[in-house]
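Participant: Sequence:
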Amino acid sequence: MEQTISSENTYSKLCLDEKFWDYHQNNPWIYDELVRLARQAKKAGRNKIGIKMIWETMRWKKFIESKDPENFKLNNNFPSRYARLIMQNEKELEGIFDVRKLRS
12 MEQTISSENT
22 YSKLCLDEKF
32 WDYHQNNPWI
42 YDELVRLARQ
52 AKKAGRNKIG
62 IKMIWETMRW
72 KKFIESKDPE
82 NFKLNNNFPS
92 RYARLIMQNE
102 KELEGIFDVR
112 KLRS
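Everything in the sequence shown is counted per this note's numbering, starting at 12 for the first residue and increasing by one.
Please note that a few of the clues may not be correct.
Quick list of the computed label-pair ranges, beta carbon to beta carbon [as the list claims (entries may be wrong)]: (1) R111 <-> C26: 13 to 23 Å; (2) K53 <-> E76: 23 to 33 Å; (3) A55 <-> E81: 31 to 41 Å; (4) G56 <-> V110: 19 to 29 Å; (5) C26 <-> K78: 31 to 41 Å; (6) K59 <-> L113: 15 to 25 Å; (7) N87 <-> Q36: 15 to 25 Å; (8) G106 <-> R47: 13 to 23 Å.
List of simulated lysine-lysine pairs, DSS-like, C-alpha gap at most 25 Å [unchecked claim]: (9) K102 <-> K112; (10) K53 <-> K63; (11) K63 <-> K112; (12) K84 <-> K73; (13) K54 <-> K102.
Rather than coming from a laboratory, the hints here were simulated on the basis of the structure. As the structure is a computational prediction, the values presented were derived from the model and not from experiment. Ideal Cβ placement from N, Cα and C applies to all residues, glycine included.
Sequences and hints are given; from them, build the entire structure.
Facilitator: Below is the structure:
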């Protein structure tokens with residue numbers, strides 16, 4: 012089954028946190044795939060990984076698998092927020108990502 016990215020038309024009027032939650036709620040498969048890949052790295056003995064490395068791995072995989080790769084986009088504003096959410100929700104992955112202080 013091909014996964015698509017969805018967002019609302021009011022997207023530009025929202026702050027970054029609101030945009031992230033809208034994006035996350037409309038695309039729950041992204042979180043699931045990030046967690047799956049992070050767990051795979053942890054199982055391979057990696058205690059620190061980069062969220063952007065996983066993000067770009069997902070982007071590549073979906074680009075290759077997609078029937079319409081031009082319409083598949085992952086928003087580059089959200090990886091750090093996914094890293095925080097994953098470490099908050101998935102206790103076995105706590106501390107696996109290095110994160111900086113949020114600017115917005």
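Participant: Under the constraints set out in the numbered hints, which ones does this structure not fulfil?
Facilitator: Violated hints: none; all satisfied.
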